[in-house]
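Please model the entire structure based on the sequences and the hints provided.
First to last, the sequence lines map onto chains F and C.
Okay, so the first sequence: first residue is 352 according to the numbering used here, each after it adds one.
Okay, so the second sequence: first residue is 96 according to the numbering used here, each after it adds one.
Hint data in this document are derived by calculation from the structure and do not stem from the laboratory.
You may find that some hints are simply not true.
To be verified - Below, in silico cross-link-like pairs of lysine-lysine (DSS-like), each with a Cα-Cα straight-line distance of 25 Å or less: (1) F:458 x F:422; (2) C:377 x C:351; (3) F:549 x C:213; (4) C:97 x F:549; (5) C:155 x F:415; (6) C:289 x F:527; (7) F:527 x C:207; (8) C:236 x C:207; (9) C:97 x C:289; (10) C:155 x C:103; (11) F:588 x F:495; (12) F:549 x C:172.
What the hints assert, rightly or not - FRET-style restraints, in silico, Cβ to Cβ: (13) C:235 x F:364: 54 to 60 Å; (14) F:474 x C:207: 41 to 47 Å; (15) F:426 x C:327: 53 to 59 Å; (16) F:429 x C:207: 49 to 55 Å; (17) F:611 x C:157: 49 to 55 Å; (18) F:430 x C:277: 57 to 63 Å; (19) C:167 x F:457: 48 to 54 Å; (20) C:277 x F:482: 43 to 49 Å; (21) F:551 x C:115: 26 to 32 Å; (22) C:235 x F:416: 46 to 52 Å; (23) F:591 x C:271: 46 to 52 Å.
Since the model is a prediction, treat every value here as computed from it, not as a measurement.
All C-beta atoms, glycine included, are put in the ideal place defined by N, C-alpha and C.
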Amino acid sequence: MLKDITLGQFFPGDTLVHRLDPRTKLLLVVVYIIALFSAKNYVSYALVLLALISVVAISRISVKVLLKSMKPLLFIIILTGLLNLFYTQGEALVSFWIFTITKQGIKSAAFMVLRITMLICGTFMLTYTTSPIALTDGLEQLLKPLKRIKVPVHELSMMMCIALRFIPTLIEETDKIMSAQKARGADFETGSLLSRAKALIPILVPLFISAFRRADELAVAMECRCYHGGDGRTRMKQLAYAAADVVAMLLGVVLLTAVIVLARFGL
Amino acid sequence: MKPILETKNLTHTYGAGTPFQRDAIQNVDISVFPGEFIGIIGHTGSGKSTLIQHLNGLLKPTSGDILLDGKSIWSSKAFTRQTRFRVGLVFQYPEYQLFEETAYLDIAFGPKNMGLSKDEIDARVRRAAEFVGVPEENLNKSPFELSGGQKRRVAIAGVIAMEPDVLILDEPTAGLDPVGREGILANIREYQKKQNATVIMVSHSMEEIASNVDRLIVMNQGTVAMSGSPREVFARAEELIAMGLDVPQMTHVFLKLREMGLQVDPSVYTVQQAKEALLALKEGR
Ligand SMILES: Nc1ncnc2c1ncn2[C@@H]1O[C@H](COP(=O)(O)OP(=O)(O)O)[C@@H](O)[C@H]1O
Ligand SMILES: [Mg+2]
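Structure below.
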């Protein structure tokens, strides 16, 4: 059950998308999101969708995996769709009880669902094709200017790196503890909401204890290797832009410009 | 005699349909008879933990079936739940599942889930604590302030208190010192004798398994490689070594003796057997 959560997971590979510099990918995701929110109509949406589909195709991430990872967010997507469907003013098509479906409503619901789905897919593509270490490295480099105004950039990115690193471990651990309590007859699936919430205690207590134990051990291990924050720290893997990064950034800029221009003309 | 627990063509695939798909066990057929003490051995990743988690219905087989008293444990929801209580499973490092305020309450968690009466729960908790050697005064302490060995014992008591027909333990002695190991093994042996229970113990220490079990199942790469009495299995010591498993020290000695040209049986695995074998050899000469 928990294993279905692929949030923040990394699928190793050796495609063009995998090899791009993490900074490029981070910036492109930002560009992609701006483009997605600038898109107004069929043509501009089609353009952004085309960009997404090409990236997915190049990265060889299976569409099945990508769609499966949407499962936990399905509820939000459907809810947004329904709200848009019923609460958009315009030319009424059908109406029953307090609900009215308008032509504009159908269109805006369809666009909204498409937008959220593409938003999620796009950002997932980033974590699917970038290892957590590369991702946090890239983020640290990009945010470096903020150091001037005393933002602890290195510490923040180290924290993020550790958090990402431990998501799978914690999921695995939760699974194990759940199985162990199930073996003692714990029941998480039936009963009232309150009794189900109570049933979580036997999972949460051991999980917290082990998370703290792990954090403690990790801190000691890091100190043993003389970790003392970011000052004067060098890295084994230096990030460097390659030709592919320049091309990718250019394509990103072209996409964004095209979408903005198209949106101007209401396309 | 009819087996109490059986697997039929049991196969389990983790992460089916993802890039991480892998077969953990394939076509496993085992039978467990009432009152038996079975050892499951195999090196890390051979599928031992996956196999035993099927026996009480924690994992659902990808294909194949598990029978308890001849009836599929997945035949109905009620029977699956009943299986959980009749087949007790102690996980590896079970002390990490402790959560209650006191050791007593933690041991009582299983019996409480079974819906037993208060008196019955109390009796079972005390009985289980005694079996595994948790002293009275520790029962009212927080499980987190106990020593490592005591924690482990409390966790094992938590399963024993459900008084399952079949008790399964996944590497119950992993990470303990030699004294702690022998203590827990002795407790398990005693429990099996007194309750006439069926016990399945997973381990990767040959020494430990050899001196305790009636029957040995050797797992290798997700399949059952060998099954039989310890002597039958150790008679194939070379194959075990080829699988990357260790054999008991005495078996090593006898393998060497045979290499040196002595007509001895390499299935010997205890000092007592070694003595008999050597005396027989001497008299035969
Ligand atoms: N929850 C899981 N998800 C994916 N693969 C797993 C999981 N648990 C075990 N495996 C894999 O299944 C195989 C058998 O593992 P396991 O049954 O734990 O072996 P053992 O207990 O003998 O060490 C291993 O290769 C392991 O990596
Ligand atoms: Mg194991």
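Status of the hints after comparison with the structure:
1. F:458 x F:422: 23 Å, holds
2. C:377 x C:351: 17 Å, holds
3. F:549 x C:213: 20 Å, holds
4. C:97 x F:549: This hinted pair is violated, its Cα atoms lying about 41 Å apart.
5. C:155 x F:415: Satisfied, since the Cα-Cα distance of roughly 23 Å is no more than 25 Å.
6. C:289 x F:527: 31 Å, violated
7. F:527 x C:207: Answer holds: residue 527 of chain F to residue 207 of chain C is near 21 Å, not above 25 Å.
8. C:236 x C:207: Distance ~19 Å between residue 236 of chain C and residue 207 of chain C Cα, so the pair holds.
9. C:97 x C:289: The hint holds at about 21 Å.
10. C:155 x C:103: 13 Å, holds
11. F:588 x F:495: Judged against 25 Å, a Cα distance of about 17 Å means the pair holds.
12. F:549 x C:172: 22 Å, holds
13. C:235 x F:364: 54 to 60 Å: 55 Å, holds
14. F:474 x C:207: 41 to 47 Å: For residue 207 of chain C against residue 474 of chain F, whose Cβ atoms are near 44 Å apart, the range 41 to 47 Å holds.
15. F:426 x C:327: 53 to 59 Å: About 57 Å separates the Cβ atoms of residue 426 of chain F and residue 327 of chain C, which means 53 to 59 Å holds.
16. F:429 x C:207: 49 to 55 Å: 39 Å, violated
17. F:611 x C:157: 49 to 55 Å: 51 Å, holds
18. F:430 x C:277: 57 to 63 Å: 60 Å, holds
19. C:167 x F:457: 48 to 54 Å: Holds, at about 49 Å.
20. C:277 x F:482: 43 to 49 Å: 45 Å, holds
21. F:551 x C:115: 26 to 32 Å: 27 Å, holds
22. C:235 x F:416: 46 to 52 Å: At roughly 50 Å between Cβ atoms, residue 416 of chain F and residue 235 of chain C fall inside 46 to 52 Å, so the hint holds.
23. F:591 x C:271: 46 to 52 Å: Holds, since residue 591 of chain F and residue 271 of chain C (Cβ atoms, about 50 Å apart) stay within the stated range.
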